[in-house]
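Trainee: In case you want the letters, here they are:
There are 8 protein chains.
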Amino acid sequence: MRDILDAVARGDLSPAEAEASLAGYATTDAGRFDAAREHRRGIPEAVLADGKTPDEVASMADAALETTGRVIVTRADGAHVAAVTDGLPAEASVDHDERARTLVVEAPGFDAPSIDATVAVVTAGTSDAAAAGEAAVLSRAVGATIDRVDDVGVAHLGRIVDHLDTLRAADVAVVAAGREGALPTVVAGLVDTPVIGLPVSTGYGHGGEGDSALASMLQSCTVLSTVNIDDGFTAGAQAGLIARAVASARDD
Amino acid sequence: MRDILDAVARGDLSPAEAEASLAGYATTDAGRFDAAREHRRGIPEAVLADGKTPDEVASMADAALETTGRVIVTRADGAHVAAVTDGLPAEASVDHDERARTLVVEAPGFDAPSIDATVAVVTAGTSDAAAAGEAAVLSRAVGATIDRVDDVGVAHLGRIVDHLDTLRAADVAVVAAGREGALPTVVAGLVDTPVIGLPVSTGYGHGGEGDSALASMLQSCTVLSTVNIDDGFTAGAQAGLIARAVASARDD
Amino acid sequence: MRDILDAVARGDLSPAEAEASLAGYATTDAGRFDAAREHRRGIPEAVLADGKTPDEVASMADAALETTGRVIVTRADGAHVAAVTDGLPAEASVDHDERARTLVVEAPGFDAPSIDATVAVVTAGTSDAAAAGEAAVLSRAVGATIDRVDDVGVAHLGRIVDHLDTLRAADVAVVAAGREGALPTVVAGLVDTPVIGLPVSTGYGHGGEGDSALASMLQSCTVLSTVNIDDGFTAGAQAGLIARAVASARDD
Amino acid sequence: MRDILDAVARGDLSPAEAEASLAGYATTDAGRFDAAREHRRGIPEAVLADGKTPDEVASMADAALETTGRVIVTRADGAHVAAVTDGLPAEASVDHDERARTLVVEAPGFDAPSIDATVAVVTAGTSDAAAAGEAAVLSRAVGATIDRVDDVGVAHLGRIVDHLDTLRAADVAVVAAGREGALPTVVAGLVDTPVIGLPVSTGYGHGGEGDSALASMLQSCTVLSTVNIDDGFTAGAQAGLIARAVASARDD
Amino acid sequence: MRDILDAVARGDLSPAEAEASLAGYATTDAGRFDAAREHRRGIPEAVLADGKTPDEVASMADAALETTGRVIVTRADGAHVAAVTDGLPAEASVDHDERARTLVVEAPGFDAPSIDATVAVVTAGTSDAAAAGEAAVLSRAVGATIDRVDDVGVAHLGRIVDHLDTLRAADVAVVAAGREGALPTVVAGLVDTPVIGLPVSTGYGHGGEGDSALASMLQSCTVLSTVNIDDGFTAGAQAGLIARAVASARDD
Amino acid sequence: MRDILDAVARGDLSPAEAEASLAGYATTDAGRFDAAREHRRGIPEAVLADGKTPDEVASMADAALETTGRVIVTRADGAHVAAVTDGLPAEASVDHDERARTLVVEAPGFDAPSIDATVAVVTAGTSDAAAAGEAAVLSRAVGATIDRVDDVGVAHLGRIVDHLDTLRAADVAVVAAGREGALPTVVAGLVDTPVIGLPVSTGYGHGGEGDSALASMLQSCTVLSTVNIDDGFTAGAQAGLIARAVASARDD
Amino acid sequence: MRDILDAVARGDLSPAEAEASLAGYATTDAGRFDAAREHRRGIPEAVLADGKTPDEVASMADAALETTGRVIVTRADGAHVAAVTDGLPAEASVDHDERARTLVVEAPGFDAPSIDATVAVVTAGTSDAAAAGEAAVLSRAVGATIDRVDDVGVAHLGRIVDHLDTLRAADVAVVAAGREGALPTVVAGLVDTPVIGLPVSTGYGHGGEGDSALASMLQSCTVLSTVNIDDGFTAGAQAGLIARAVASARDD
Amino acid sequence: MRDILDAVARGDLSPAEAEASLAGYATTDAGRFDAAREHRRGIPEAVLADGKTPDEVASMADAALETTGRVIVTRADGAHVAAVTDGLPAEASVDHDERARTLVVEAPGFDAPSIDATVAVVTAGTSDAAAAGEAAVLSRAVGATIDRVDDVGVAHLGRIVDHLDTLRAADVAVVAAGREGALPTVVAGLVDTPVIGLPVSTGYGHGGEGDSALASMLQSCTVLSTVNIDDGFTAGAQAGLIARAVASARDD
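Residue numbers (the numbering used here), protein chains in the order written: chain A, 5 to 256; chain B, 5 to 256; chain C, 5 to 256; chain D, 5 to 256; chain E, 5 to 256; chain F, 5 to 256; chain G, 5 to 256; chain H, 5 to 256.
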C-alpha cells in the first residue's frame, strides 16, 4: 500500500487509480466505478447510460478509462456519446454502434484481450439487431471472435439449416428472437453448442414486449439458459465468460 | 305448430322434442339444452361435465338424445360416464375415450354425419394427447376424417418433416403443444393448410399451465389462429366448421 | 440450377430473383425477404414497418417487388409510405389505407390472385376500423371478395340481426371488437360460418388494451378461434387461407 | 343506557343483547358480531363460514340469533350447517340451500322484512347456479321478491329474448355469467332496469376462474356495475339495497 | 312507417331522423349512432371522443343532435370540443367541463329530463375530480340532482364524518378514490344508501394506475358494486338508472 | 479458539456449540442453523417447518436448542410438533399455538429476553388470527409485551375508535387485514405509532389470496410499511426490532 | 372555540388557521389540507404535485404555510416549484432538491423540529438517488439526522462491508435498490438496525419498473418491511416515525 | 441401411434399435423416444414422469435402455420408479434419488461418460435440495464431477465466503435459491466462473412459487443466465454442456 501512496505523492498514479487499486472501486461524482470487476469477474464493468445524464455517464467513463484503460457504455443516445467522446485524446480508439446503442472507448496503449474462442450471435429477424449487437459488443470485449448469423427465423426453416455448420463450429451461441421466441429452441435442438436465449421486446398485445419470447425460452423443450428481455449485455457477457473458460482450457 | 302439438297429443312426439322444435331448446332439471345448435351452427351441442353432478349430466344427456339422437359429453369422469350410460338401450352406440375424457352416445338409428374432408390432429408429445383427443372427437362428430400425427415436437425437427405429406393433404390441421408451444408455428411455416393452434397446460413455473404455449401461438410469426388452453372442444369444432365449409364447396 | 445461373449471367434474371429461386429468400441490407412464402404458405409475405426505419422497409419492399411482383407493408406511417413509393415506376399500382396503415404495391404486370370465395369483415364500432382494415387487406391479397359489416356492437342487438344474411353468405368471417369483446361470440351463435375473433386494443383500465376482448374470445361459449390483439394481419391471412381452401374445393 | 342495564339485571335482556344495543356489536369467542349492521346499513350481517371452524360459525350464529333474531350463513359446508342447527329450538325456521351453500335461520317470532320490490336473478348456465343462489338469498333477506330466469346464455339469443318481459318488470337485476361473461352486457342493452353483473369462476385456462367474465363486465359497452367473482353475497345485498330504496319511494 | 317516409318526402323529417325512428340508429360517416338508446335504456348515448378524430366526433355529434336533441361527448380534448361546437346555432346550450373532459350540447328547444332523486358524488382527493366530474355529468343528464362531497379521504376520518347527513340523504352515491381505494368501503359502512365505487388511476408502482383501488372495491367487506378504473361514465349512468328507478316509484 | 477446542476435548462443549461459536452456524443433517443470528441481528433464528420433513425440523430444532437454548418453529403441523417435542427433557418449556402454527421451546435454564416496550397486534376479523398470532409470537420472543386488539375491521368504525388508547400507548403496531386491507390505513391515520401492515390471504376471486390487501397497504395514503402476505414472522420480528430500539433508548 | 372565533374577528387569526384549529383541515380551492396531520400523526402532511396543476399545488402550499408554517412538496417539476415559490416572502427558507423532486419551504419563524436520532439512507447505485433523496427529505423533516451511504450495490460486496459501522450506528435505515433489489436483504443480514426496503423502478423487461425489487424485498430471507416502488415519501416518513419513537424514549 | 436391416433379419438388432439408428427416434406405445439426442445434442434424453402413467414411463424407459443403454427419469414418484425398475436385469445399475425425484438406470455394460470438468451445485437452503439434486444428476450424466455447496444463503454472508475456493475452482456453477433469490447474484459477483441461476418455488404470497426468485435472477446486476423455476433438468444439462465444451478444449 505504501508503494501506491508513494506513487500518488510522486504524481505517478492518480488518486482514482490509487483508490481503485486499494478499494477495488473509484469514486466519481456520479457514483462508484467498479474498477476491479474485470479482474474479479473476468468481464469488464460497463456503464448503463439509460437513466443517467450525459454528465454522469461522462464522469463514470472518465473514471473507467483512467483506472482500466477502457470503457463500455450501453444504451447510449447521441448526447451520451457526445459527452463521453468530447475531449478524448486523438489516439483513443472509439467504436460507436448506433443500432446497438453501444460505445466502446479504449485509451491509447490499451491492450485489448483476445482469446481463442468463438461466439455465434444469431437473430431471427431485423428487429433483433439491437439486442444482438449489444451482446456481440460484450463478447468481443472479452476477446472472443464473433460469428453473426442473421434473419434465420423459424417461419422458414431452410434459413437456419443453411447455417448449421457455423453454429456447430462456435463454442457458445447467443440466439436472439422476439414474437414467439422459438428460434433458440430450434437451434438448440440441432447443435451441441451451449445456447443462451436472448428474448427481444417485439410482438403484438398479449405476450408482447418480449414476455412471450422470454416465457418460450424458459419453457424450451430443448436445453438452453436465458437472460432478461433485451438484455444483450448479460447475454454477451455470459457467452464471453463461457468462451473464456473454453479458451483457458484450450491454452492449458 | 299445430302439427307439432297434435303429434304431442297423439304421443308421437315427446314434450321435449316438441319444445326443441318450437323454442329451439329443451328444458331439463339441470338446464336448457340447445337442441337447435347443430342446425343453426353446424356443430353439435355438447355437455361439459366438469362442474356438474352426474345426475345433471345424465339429465342433459337424455334431453340431447331424445331431441337430436346423439350426445357428446366432454371432461367426463367415471361417475359421469356411468350416470349417462346407465339405462341406455342395448343398441345405443357408446364411445368413451378415457384419456380425452369424452363420451359420445348415439341413439339407435342415429344417422351420423359424414363429410368429404380431412382434419389432421397433431401433437408435440405424450402430454398433449388428452386435448388433441377431445379435438379429434369433435371434428369426427361433424363428420370429418381424422388423421393423427403424434409426438413430433420441435426438439427433433426430423420427426415433423417425416409427416409433411399427411399435413399437406389435410384440409385443416389442429396442432397441440405445451411448454414453449412452438410446434404450430413450425408446422404453419411448412404447409398451406389452415392451422389451429391448441395450447396445452404443461410446463415449468413461469408460463406454465399453458400460458407460454398460448402466448407463443398468439405471437406466431407464421399464420395461425388459436383457441384457449386445453380447449380441444373449440379447436375440434372450429376445424370441423372449416372442414364442413370445404366439403360443401366440394359437393357443389 | 444451371438455367438460373445462366439467366443471371445473361442479365435476364437479377441476383435477388436468382437467390429467391434457389434459396427461397432474398438477402437485402435490412434482412432476408421470404420470397417463397406465398408459394409455400399460400399467403404473401408482408413487411411489418413498425420498428424498422423507412430505409429498411424500402429495401425489403424492393426485394419483394423484384422477386414476387408485389409488396404488402403493414403498420406503415407516412415516412415508410414515402420511402417505399418514392421512385416507383409510374405504372405500379399503389394502394395506401391510412386508417389501416397498410400499403400494397403491385409491380406493372403483376397478376393479382382472385378466388371464388368471400370473407366477411365485421366491426363492433368505429375504433375497430384499423385492425379490421388490415385484415381486409390481407384477405383481399389472397384474392377473396370482402364484405364489410360495420358498427354492429352488442349494445344494440338489432344492428347485427339486420346483417345476418350477409354473414351467413360469407365463407368465413373476421369479427373485430374491443372493450368486452362480445360481438364474435354473438355472431358465432347465429351463423354456421367459421368465425375468427379479432380483439382490439380499446377499453378502460382493467382488461383494457384489448386484454378483456382477447380473454372473452378465448372463453367464448360458442365456437371461434382467435388471433392476438390488433393482429389484423393474421386474422385476414388466416381467413384468406380458409377462403382459399374453400375456393379450391369449389374449383374441383 | 340505565334501562338496558336494569333489563340485564332483571334477566330480561342477555348480556349479548345489551352489548349489541350499547356498543353496536356482540363479542363472541370467535369474534365480534356486527349486530347493528342491519339498522345502520339496511342489510343483515352474514357469517362467512369459509375459513372458520364449525364451532366458530355456530358461536357467531348464536350471537346473531340472540341479538337480531336471524342469522345468514354463507359458504357453509355440511359441518357448518350441522353445528349451527344443532340444538336450535324446534320452532326455529331453517332454510338450507345446498347448492348456494347458504343457511338462513330465523328465531321463533322473528318478523322477516317484506318490501314492495322485485329483484330478477338471471343465469347464463347451470354452473352459475351457486353464485346466483347466494345472491337470491341475500335479496330475499332484505324482503324483496325474487324472479329467477335461468340458462339464457348468449350462445342462443332466443332464450334471453323470451324473458324480456320479466326482466323489464323487475326493479333491479342480478345477472350471473362465467366464461366470457357477455350475458349482463346483452341484458343491459335490452332493458332500462339497473343491472348488477355477477362474474362466475368458470372457464378454460386463460381468463378462467372468472377473470375473463369479470373483465368483460367491467369493460361492458352498456351500463352496469359489477361485484367480485362468485360474490353472490354482495350482488344480492346491493340489489337488495336498491330494491329497498325503490320500495321506500313507492311507500311514500 | 308510411307516415315517416311521407314526412321525409315532404322534408319535415331528415333521413337520419327517419332512419333513427325506423331502425333505432342513425348512420354517419364515422359510425352508427344509437339514437334509440335513451328510449330503450333510460340513459342517453354518449360519444367517447378518445381514439376518434375531431371530424368523426363532430359527425356523430351532429347525428345525435339531429335525432335526439342532445349530445354528450366524453374524454374530449380541445380539438374535439372545437370540432363539435363549431357551427352550432347560437341558441344551442353548451356545457364544457375541462377537468372532466365532458361536453354536453343541447339543441334549441331540447327538453332536458328532470327527476325527483339525488345522486351524491364523493371524492377522496383532488386527483379524483376528473372521474367524479364525468360521473356527475352523466347522472345530471338523466335528470338527477347532484350533491358533491369532495376531499374526504380516509387519512383523516373526521372529514367524512362531517358529511354523513348529505350522504344519508342521497338516493344513491358514487364514491371515487385512487391509491388504496378505501373510501367507498368506509362510506358504505356508515350509510344505507346504495354505493357505487369508482376507482381512479392514481398510485405508486405496484397496484398503481387504479389496480389497487379497483381490487379494494371488489374485495370490500361492506356492500358496494363497482365500475372500471376512471369509468365515470358508467358510474354516473348506473347511478342515474338507480335514481330514475327511485324517482319513478316516488312518482307512482 | 484454543479455549473452545479445549472445552470440546474435555466434553464441556458439544461440537455443535463449538462450531456455532467459531463459524457462527451449526451444521445439521438437514442444513446449517444460523446460531449467531440473534447476536448479529437481534432477533432469534426460526425454523420454517413448511416444506421440510418432521425429521429435518427436529434435527434443526435440536441444533437450535443446543446452541442458543431456544427454538422457534413456524408453520408447524402436528407431525412437526410431535417430532420436535418428542424426547425433550421434562423441564423444557413448550408453547404451541395451534392457530398460529408456532412452536416455541426453551431449554431448561434459558433466560428469555424481556424489554421495556409494547407491540400492539391488531386484527380486522377472525380470519386474520393465524398471521397475527405468528407475529405476536415473534415480537414476544424478542421480549416485548403484546397488546392484542381483535375484530376491529373498518365495516364498523366504532370498533376501532373504541381501542384508540391501546393503540396510542403501544411503541409499534402490527395491523393484520385481508379482503380490501383498509384497516392499517385507517389505524395509521389515527395514531402516531409506527404501523406495520400485515396482509392476510383472504378474499374473493380478483385480488383474493391477499393480493388486494397487500396492494392496499403499499398504496396507503397514510404512512405505513408492509410485509408479504401472511408473513407474520417478518411483521412480528420487524416490530420486535423497533421495540428493541425503543427499549434500548429507554434504558440509556 | 370562542377564543378562536374572537381571534378571527380581531384579525389575529386567518380563517384558514381557524378552520384548521377547529376542523383539523383547511379548505382551499384545490382541496382540503390536513393541517392537523403533524399533530395527529407525527409527520408533516405533504403535497404530491404529480397530477396536479401548478396553481393547485401553490394553493395547497399556501394553506400549509399559513396553517403549519411549512410545506413539503413531492414529485414537483419546474412549473410546480415556480408556482409555489413565486411571491414568497424573502425571509422564507426554500430548499429545492432537483433530483429528488422535492421542495421544502419554511415560513419565517418556523421552528423546525430536531430529534436525537439518526436515519441511514442507503443506495445501491446512481439510479436510486431520486427515491432515496425523497426519503431523506421526509426523515429530515421529522427532525432526524441523515447519514447517506451511496453506491454500495451487491455486485461488489466490499463496498457495503466498508460502511457497516455507519449502518450499525443508525437508529433505522432506509435501503433503496432497483433491478434485483438484493441490497436491503444483504444489509439486514449484517446489522440489527430496523431496515425499511425502498424498491426503485429500474430494470430490464421482466420484473422491471421495480416489480422484481419489490418482490425481492417482500420475500427477503432476513427481516425487513417495505414500501411501494419509488415511494421515498413513505419510506422516509416511516423511518422518521421510528426515529421519533426512539428519540422520545431517549428523552425520557 | 442394408447392414442395419440385415442385422434386424438376423436378430442381432432389435427393431427399436434399428429405427433409432435410421430415423433418430424409437416409437413406443407411449410416444417417440429421441434416441439420437445424446449424439446430436451432447446431453442424454430424459423421460419426464410427471403427467405420465407408470406404464407410459416404463415403456419409454425400456426404449431408452434398449437404444442408448441408459435412461434418466425425472419427477418420478414411487409408482414410476417401481414400474421402471420392475423386471430389470439384476446387473443393471439403478440410482434413485428420492429427494430429487430422479431415477438413473444403466444397462449392464453401459459405458458411462466421464469428462475432465467440474460443476459446482450450490443451494441457499434446505428447500432448494430437490431442484439442485436434479441438476446434479443431469450434470453427472454428462460425465462431469459434481461439487456440492449447501445452505449458504445470503442472510449470513459468512457461509458463502467460506466456500469461495470451491466455487472458483469449478468450471461452471449452478446456484439454486428460492424466496428473494439473491444468492446467484452474490456468488456471481465474487467469482469468474459462469453461473447458472436456478430459481426454486418457495416463498410467501406475492412473488411466491419462485416468481420473485426468477425475476431477481433475470434482473441480476451481475452476469448470470437462468432457467425456469425448479427446472433442475435444464440447469444441470446446460452446465453439463458447458463443462463438456471446457473438457473438450482441455483434451485438445
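These are calculated hints, taken from the structure and not from any lab test. A virtual CB, placed ideally from N, CA and C, is assigned to each residue, including glycine. Mixed in with the good hints, there may be bad ones.
[Stated by the list, open to error] Using C-beta positions, here's what the derived DEER-type ranges look like: (1) H/GLY147 to G/ASP54: 53 to 63 Å; (2) H/GLY15 to A/THR170: 42 to 52 Å; (3) G/ASP54 to D/ASP90: 18 to 28 Å; (4) D/ASP256 to E/ASP115: 41 to 51 Å; (5) B/ASP90 to D/ASP90: 48 to 58 Å; (6) C/SER97 to A/ARG152: 36 to 46 Å; (7) D/THR170 to E/SER97: 38 to 48 Å; (8) G/VAL165 to A/THR170: 23 to 33 Å; (9) H/ALA173 to F/ARG172: 51 to 61 Å; (10) D/VAL98 to F/GLY147: 43 to 53 Å; (11) A/ASP54 to G/ASP81: 33 to 43 Å; (12) F/GLY82 to H/GLY15: 24 to 34 Å.
Trainee: Quick one: are C/SER97 and A/ARG152 within 36 to 46 Å, going by C-beta?
Mentor: 37 Å, holds
Trainee: Measuring from beta carbon to beta carbon, are D/ASP256 and E/ASP115 in 41 to 51 Å?
Mentor: Violated, since D/ASP256 and E/ASP115 (Cβ atoms, about 26 Å apart) do not stay within the stated range.
Trainee: Given a hinted range of 23 to 33 Å, is it respected by the beta-carbon distance of G/VAL165 and A/THR170?
Mentor: 46 Å, violated
Trainee: Starting from the range 53 to 63 Å, see whether the pair H/GLY147 and G/ASP54 falls in it by beta-carbon distance.
Mentor: 59 Å, holds
Trainee: Starting from the hint 33 to 43 Å, judge whether the C-beta atoms of A/ASP54 and G/ASP81 obey it.
Mentor: 21 Å, violated
Trainee: Confirm or reject the claim that B/ASP90 and D/ASP90 have a C-beta distance inside 48 to 58 Å.
Mentor: Cβ of B/ASP90 to Cβ of D/ASP90: about 36 Å, so the range 48 to 58 Å is violated.
Trainee: Is 18 to 28 Å respected by the C-beta to C-beta distance linking G/ASP54 and D/ASP90?
Mentor: Once the Cβ atoms are compared, 58 Å apart, the range 18 to 28 Å for D/ASP90 and G/ASP54 is violated.
Trainee: State, for the Cβ atoms of H/ALA173 and F/ARG172, whether the hinted interval 51 to 61 Å holds or is violated.
Mentor: 59 Å, holds
Trainee: Against the range 42 to 52 Å, how does the distance between the Cβ atoms of H/GLY15 and A/THR170 compare: consistent or not?
Mentor: 43 Å, holds
Trainee: State, for the Cβ atoms of D/THR170 and E/SER97, whether the hinted interval 38 to 48 Å holds or is violated.
Mentor: 39 Å, holds
Trainee: With 24 to 34 Å as the target window, see if F/GLY82 and H/GLY15 comply at their CB atoms.
Mentor: Hint violated: Cβ distance 60 Å, outside 24 to 34 Å.
Trainee: Holds or violated: 43 to 53 Å for the Cβ distance of D/VAL98 and F/GLY147?
Mentor: Check passed, 51 Å falls within 43 to 53 Å.
In terms of the numbered hints stated before, the structure departs from hints 3, 4, 5, 8, 11 and 12, listed from lowest to highest.
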